[in-house]
Amino acid sequence: MKSNSLTSIALSEAKRLGATYADIRLITKERENIIIRNGNIANMDSSTSEGFGVRVICRGAWGFAASSRVEESEVRRVTALAVEIALASSTAKERDVVLSPESPAQETWLAPSVEDPFNVPVSEKLELLFAVDEVLRKSPRIRVAESGMRFDREHRILATSEGTLADQRLLLSGAGYSATAVDGSEVQIRSYPNSFGGQYMALGYELVRGLHLLREAERVREEAMALLSAKSCPRKRTTLILGGSQLALQIHESVGHATELDRVLGMEANFAGTSFATLEKEGSFRYGSDMVNLYCDSTIPGGLATFGFDDDGVRAQRWHIVKNGIFVGYQTSREIAGLLGRPRSTGNCRAEDWSHIPIIRNGNLSLEPGDRNLNDMIAEVDDGIYMETNKSWSIDQKRLNFQFTCELGREIHGGKLQDLVKNPTYQSMTPEFWGACDAIAGPAWWTLWGVVNCGKGQPGQVAAMSHGASPARFRDIQIGVPDKAS
Amino acid sequence: MLEPSLEIEQIARNALHHSDGSDAEVIATLSESAVTRFAGNAISQNVSRQGLAITIRVVKGKCSARIATNSRDAASLKRAFEKARTLVTLQKESADMLPLPNPRPVQPIPAYEFFTAELRAEARAAAVLKAISKCKKAGLQAAGICSTGWGAVAVANTKGLLVSHKDTTATFSVSVQTGDSSGWAEASHRDFGEINVDKLVAVAREKAEASRNARSIDPGLYTVVLEPAAVAEVLQFMGWFGFGGLGFVEDRTFMAGRLGQRIFGENITIHDNAFHPLQRGLPFDFEGLPRQPVTLIEKGVAKAVVHDRVTAQRAHTETTGHALPQPSVEGPMPLNLILASGESSVVEMIASTKRGILVTRFHYTNLVEPMKLVLTGMTRDGTFLIENGEVTSPLKNLRFTQSVVDALNEVELISREPETMLADWGPGAYTAPALKIRRFNFSSGTEF
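Just so you know, the protein sequences line up as chains A and B, in that order.
Using this note's numbering, read the first sequence as starting at 1 and increasing by one per residue.
Using this note's numbering, read the second sequence as starting at 1 and increasing by one per residue.
Since the hints were derived computationally from the structure, they do not count as laboratory data.
All residues carry an ideal CB built from backbone N, CA and C; glycine is no exception.
Since no wrong hints were added, every one of them can be taken at face value.
Chain A regions said to be covered by chain B (calculated; three or more residues, Cβ under 8 angstroms): (1) 40 to 47; (2) 55 to 65; (3) 394 to 405; (4) 424 to 432.
Derived CB-CB ranges, DEER-like: (5) B:Pro108 x A:Glu124: 44 to 52 angstroms; (6) A:Gly455 x B:Thr86: 30 to 38 angstroms; (7) A:Thr20 x B:Thr295: 53 to 61 angstroms; (8) B:Glu390 x A:Pro443: 56 to 64 angstroms; (9) A:Arg342 x B:Gly139: 26 to 34 angstroms.
One chain only, chain A, in its complex shape (with noise of 0.2 angstroms):
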């Protein structure tokens, strides 16, 4: 039975049983995933994933079902289900369920890209990967020597009942590889482009070939070696300067989960938790340093929350969380954006796939670069530490004490990088980090990061966005753990 139909029935079939508001998504995903560990094939997978998920409102409040069985009766029959939980959820509500305006729109929407992924041949992607693994493993202290790729391409169908119809395809092309050097009682690793994986973007296989992953190999196997005998990371404060994509992960966590709405609002209090950027704080709270500008785009190009529409049928839109060093905005959703009277989401409801409700996800959060160039930020500082790559992360659950650890760190002396330093680690308090910006690298420096195992919601969910950023200075952070920790 062809979409549109199907999409019908769950339309009507809602409001025969009372439904006020209803949505149905349509989604097949297609997965091709490669990993070559130590010489081998370890995992080589291609996987389909085809579904559907109802979602209404019935006496002003959500009931949501799904299933996998892509059929008349089975669209029937979850619609009825969706209603019926629906009903359930009713008899425990505040106050009804209000989704903030948003026009109808029937468009369909592509992601651009310049080659397709799944048309490249799996033999020309393997001999690449096995050319890296060669390079990595020429060491016999290199223990582990893993490289991959991942592709998904995704066709996303939702239509509504304020009259909605969204068509999506959307893709994610994704390379990377590591070596974990072993040495008696230490262990390192080394990454390229980026750690868990690599770089992930909305492109096509010209990602791939952009990444010359083959030329990195020799320098990220020797790094890895190196770290084994570095020097611990002394326990200090001083002047830190992070490298891109740690500092990606850095926005992730400290600015973008503490300005979801629904976790200030308590939604996620039980699990993920909720935020120190409370309602009150919105346009007058000093988040960072006058030069730290933090801007949410769904336009960007390559962006992995890049879209035509978001699940709730929002258009996709550029706003600041930061400007200026001001807290200024939040991510919302219809709902949210909604129950606060706001005049429009901000179109950051998705959801991962058929089988999960859409809630509110980190959008494509990045810091806009500055105007300095690296080189000068590092000339002058007499005495602090570079770290990049990130190996380890943590925050609280109002998103403030964070604790990062990166694979590598280099001690700078006399405005000079200098030693390694493994195990690089720094710590401190979201507003005060981001008060102690003091340059930022230009547009040359700055890179779109992929973020792919964003998890959160119960039932959980994994979500993809991405992070711009180039790399920035930091004064006077506390670096390195206590002796006693370890």
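Place chain B on chain A using the hints.
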């Protein structure tokens, strides 16, 4: 609809019919789960989903290829096998690749409660309403989940192996918030009827109310009493980064090269055992081989890690039946860890502490260093100062950065009553008692 085990076995068998003479394996899972979520004293999200996943793997000599689909129709399965047969010819030989295993007897685990599998939204809403009304009357805010569901999994291969398992799960989790504090409690059981919602709400309320007007304390080394939820989180990281066979054979975990040596205090014993009455797990692994109970640590001595056939071969031993879907990047994993109980109680632990900190649970824990298993994370939902054998005041939350290897050498007391916590993400259940640890490092604090 068929009974879940029969249905999933039929799906697996039907899929294998399309193998067309090739060596093949099928892993099929079928599930239905529902979560009623509440926040701000109201149901905030309420969802149900039915899902099927079929993963087929074709093995040819030293090569294999894996295709996943969630369609059970013959055309989709035929296409999946055709694609797998094409992909497998493109591959390079893998030294670690083993032929499909022959069938072996599997001892079943009864884990399916019809009442829980069939529970409707109305019943979940009633349980939530009970929790909400108690908090509302007291001027408190409640948030949490009430979830129920069932699942069935089958593993089959062309050598005649076919095993299946079905289970149910119910979880009730509640956070209670005052203006400036929070408390939490959670329970999970395969039988929804065994979950005492009133008790959970009472515990969360008590912790929230006792946590009002929390004060700061300087970071540093303290004696700690970790309640079971906090210990379970530590146990989860030990499973991920310590007790698996792959890290062991690659010399990159705290167990590597240490079998037979004492690495923790003599009062520490850790098993992996899916058959334990407090555990939730599969009686077989993802190759369909029987999952065996394994003693990992006995009286502080490193005894074993868990293996699949690949890591067992490299370690010159036998598989323990802990394979993830093959081939696996992560290697075998213990998914049913149990830290053996002691003779003490949280009350006795507090009473015996001159100055220390009581921790309800941890938040956002992560690995800093693998060889000594240094973890960092925050306390959450009830952190208290203990002075002269009594809880004297609530504390603002603290960050810990601590080697687990060191901490498990400093355990003074272990409680009698363990609790089982399910992994937040993916499979895994962790059964842990409370621990009193002589020295535990808190490295920084926060504002609440």
